[in-house]
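If you read the protein sequences in the order shown, they are chains A and B. The numbers in the working numbering rise by one with no breaks, and the one at position 112 of the first sequence is 112. The numbers in the working numbering rise by one with no breaks, and the one at position 55 of the second sequence is 1055.
By construction, these hints were calculated from the structure, which means they are not laboratory data. Incorrect hints may have been included.
Stated by the list, open to error - Pairs of lysine-lysine, DSS-like flavour, derived with a Cα cap of 27 Å: (1) K1056(B) x K1107(B); (2) K1104(B) x K1070(B); (3) K66(A) x K1026(B); (4) K20(A) x K1099(B); (5) K1056(B) x K1069(B); (6) K1107(B) x K55(A); (7) K1107(B) x K66(A); (8) K66(A) x K1099(B).
Stated by the list, open to error - If you only want the chain A side, here are some residues facing chain B, beta carbon under 8 Å, derived: (9) L26; (10) I93; (11) R95; (12) T102; (13) G106; (14) P107.
Said to hold, decoys possible - The following label-pair restraints were derived from C-beta to C-beta distances: (15) Q1014(B) x S18(A): 31 to 41 Å; (16) L1075(B) x S54(A): 33 to 43 Å; (17) T57(A) x N1018(B): 15 to 25 Å; (18) E87(A) x A1081(B): 33 to 43 Å; (19) N1030(B) x K55(A): 34 to 44 Å; (20) T1067(B) x F39(A): 29 to 39 Å.
The beta carbon of each residue, even a glycine, is placed where N, CA and C say it ideally should be.
Spelled out, the chains give:
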Amino acid sequence: GAVVSQHPSWVICKSGTSVKIECRSLDFQATTMFWYRQFPKQSLMLMATSNEGSKATYEQGVEKDKFLINHASLTLSTLTVTSAHPEDSSFYICRLRGRGETQYFGPGTRLLVL
Amino acid sequence: SQQGEEDPQALSIQEGENATMNCSYKTSINNLQWYRQNSGRGLVHLILIRSNEREKHSGRLRVTLDTSKKSSSLLITASRAADTASYFCATVAQGGSEKLVFGKGTKLTVNP
Chain A
1 GAVVSQHPSW VICKSGTSVK IECRSLDFQA TTMFWYRQFP KQSLMLMATS
51 NEGSKATYEQ GVEKDKFLIN HASLTLSTLT VTSAHPEDSS FYICRLRGRG
101 ETQYFGPGTR LLVL
Chain B
1001 SQQGEEDPQA LSIQEGENAT MNCSYKTSIN NLQWYRQNSG RGLVHLILIR
1051 SNEREKHSGR LRVTLDTSKK SSSLLITASR AADTASYFCA TVAQGGSEKL
1101 VFGKGTKLTV NP
């Protein structure tokens, strides 16, 4: 069964609203979580890295005030897209790192901003 | 930033043929991984090859790594229509970083 869940799996919202995406580890403790964004027909772009209890580290060009990441526990990380605009429409995927080389990807969340 | 560059960008073959995809990268790596993604879906991890390994097999998959050329190849033998997907290489850099940086991907179409 799945070891990582993302909620919601898809969301449609109006421009200007904020959207929260949850990434949850179901049966292991994730020391590090990563958030990726994938535009249609493109590759995955790393947005930020977060460790439990500390502030996320954002990649160059990613606005930290727009994409709020909260790594509240070893099993939960949230990505909030604030004041979403149509250009934020994308597929958002989390990646969880456990002990050693253990890692899992979430199934992704498709965001469409109208 | 994207490190890996796959070629070809798109590949169309007939069922039963072999498919070879290549990936080049720029910095020294700890390991290189190959992933598969069906249209609009999540990622499936296929295989991981470490920097001190040269070749690895998993079922119909064969991965090679040439660190001197900073390149890797993924071979799928006896392809099936179900292998139709996008394939990405991703690298973990040396130095303790846990970041996984993806290449641009190869879209493989296997025609029945």
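Q) With a cut-off of 8 Å, does the beta carbon of P107(A) approach a beta carbon of chain B closely enough for the hint to hold? A) holds, 4 Å
Q.
Would the hint linking K1107(B) and K66(A) be met if the CA-CA limit is 27 Å?
A. violated, 31 Å
Q.
Would the hint linking K1107(B) and K55(A) be met if the CA-CA limit is 27 Å?
A. Not OK: K1107(B) and K55(A) at ~36 Å, beyond 27 Å, violated.
Q | Consistency of beta-carbon spacing, S54(A) to L1075(B), with hint 33 to 43 Å | A | holds, 41 Å
Q.
Run the distance test for K1104(B) versus K1070(B): straight-line Cα separation, threshold 27 Å.
A. holds, 16 Å
Q. Is the hinted range of 33 to 43 Å satisfied by the C-beta distance from E87(A) to A1081(B)?
A. Given a distance of about 35 Å, which is inside 33 to 43 Å, the answer is holds.
Q: Using the Cβ atoms, figure out if T57(A) sits within 15 to 25 Å of N1018(B).
A: 41 Å Cβ-Cβ, so the 15 to 25 Å window is violated.
Q. Is K20(A) within 27 Å of K1099(B), Cα to Cα?
A. Roughly 23 Å between the alpha carbons, so the hint for K20(A) and K1099(B) holds.
Q | Interface hint outcome for R95(A) [beta carbon to chain B under 8 Å] | A | holds, 7 Å
Q) Given the proposed pairing of K1056(B) with K1107(B), does the C-alpha separation stay at or below 27 Å? A) holds, 22 Å
Q | Beta-carbon spacing of N1030(B) to K55(A) - inside the hinted bounds 34 to 44 Å or not | A | violated, 25 Å
Q. Are K66(A) and K1099(B) close enough, with their CA atoms no more than 27 Å apart?
A. holds, 21 Å
This entry does not satisfy hints 3, 6, 7, 9, 12, 15, 17, 19, going by the numbered hints stated previously.
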